[in-house]
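Heads up: the protein sequence lines correspond to chains A and B, in order. Heads up, the first sequence is in my numbering, so the first residue is 10 and it goes up one at a time. Heads up, the second sequence is in my numbering, so the first residue is 3 and it goes up one at a time.
No lab work stands behind these hints, which were simulated from the structure alone. Just so you know, not all the hints are guaranteed correct.
Claimed, not checked - Between beta-carbon pairs, the in silico distance windows are:
1) B/Arg11 <-> A/Glu24: 39 to 49 Å
2) A/Thr35 <-> B/Glu81: 27 to 37 Å
3) A/Gln90 <-> B/Thr79: 37 to 47 Å
4) B/Arg110 <-> A/Lys69: 21 to 31 Å
5) A/Gln90 <-> B/Thr19: 41 to 51 Å
6) B/His12 <-> A/Ser88: 33 to 43 Å
7) A/Thr79 <-> B/Gly42: 18 to 28 Å
8) A/Gly10 <-> B/Gly98: 30 to 40 Å
To be verified - Facing chain B, from chain A, some residues (calculated, C-beta under 8 Å):
9) Phe43
10) Glu51
11) Ser102
These figures come from a predicted structure and were not determined experimentally. By construction, the Cβ of each residue, glycine as well, lies at the ideal position given by its N, Cα and C atoms.
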Amino acid sequence: GNSVTQMEGPVTLSEEAFLTINCTYTATGYPSLFWYVQYPGEGLQLLLKATKADDKGSNKGFEATYRKETTSFHLEKGSVQVSDSAVYFCALSGRYGGSQGNLIFGKGTKLSVKP
Amino acid sequence: DAGITQSPRHKVTETGTPVTLRCHQTENHRYMYWYRQDPGHGLRLIHYSYGVKDTDKGEVSDGYSVSRSKTEDFLLTLESATSSQTSVYFCAISPGSNTEAFFGQGTRLTVV
């Protein structure tokens, strides 16, 4: 079945450092790929998405490119801020029990950015 | 923010008691989901619905049941709560398959 593997955390960076969070997936068909962010005490918010191979999703300085040849969707940001401290989840649209529509999540990567 | 309301936001209950969590949406989306979030496990799908009265099991459905009698409401019931069901529960909605989902704020459930 479909699955997502993302790098273990926690990740601790200094402000203005470059961020990469790795995400690889296993899927049949042509899933869409997503990054979600969760701030403490809150629900998950969609950060960016890509719906087909070679698409680049971007939002708030974050980027990720759908790489079908390497089955990857790595999250990057050129210069992180303290306010980026959160847990980041990679996800793909999948099938479960023969039906469509649910998302399959990685286990999350906690990012802490120090001033 | 997508119009999703979860209630209650926090609940403490005793082992063996039934508990119902409610998810209400104002977006008229077809799909609704219940996930639980636990440290080291990320989010795991409990049950989902693809229409009124159309529901199916997810990855961790044992001990849970759901009902969807109206488009806007999706109820999650723990028939007899156990300590292993202490978790944060999230409802999510999406307009169709292969699309993003929008999440509620979560319900923190503690079973003592």
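Okay, the hints, checked on the actual structure:
no. : hint                             : result
1   : B/Arg11 <-> A/Glu24: 39 to 49 Å  : violated (33 Å)
2   : A/Thr35 <-> B/Glu81: 27 to 37 Å  : holds (34 Å)
3   : A/Gln90 <-> B/Thr79: 37 to 47 Å  : holds (42 Å)
4   : B/Arg110 <-> A/Lys69: 21 to 31 Å : holds (27 Å)
5   : A/Gln90 <-> B/Thr19: 41 to 51 Å  : holds (44 Å)
6   : B/His12 <-> A/Ser88: 33 to 43 Å  : holds (37 Å)
7   : A/Thr79 <-> B/Gly42: 18 to 28 Å  : holds (26 Å)
8   : A/Gly10 <-> B/Gly98: 30 to 40 Å  : violated (21 Å)
9   : Phe43                            : holds (6 Å)
10  : Glu51                            : holds (7 Å)
11  : Ser102                           : holds (5 Å)
Checked against the numbered hints above, the structure violates hints 1 and 8; every other hint is satisfied.
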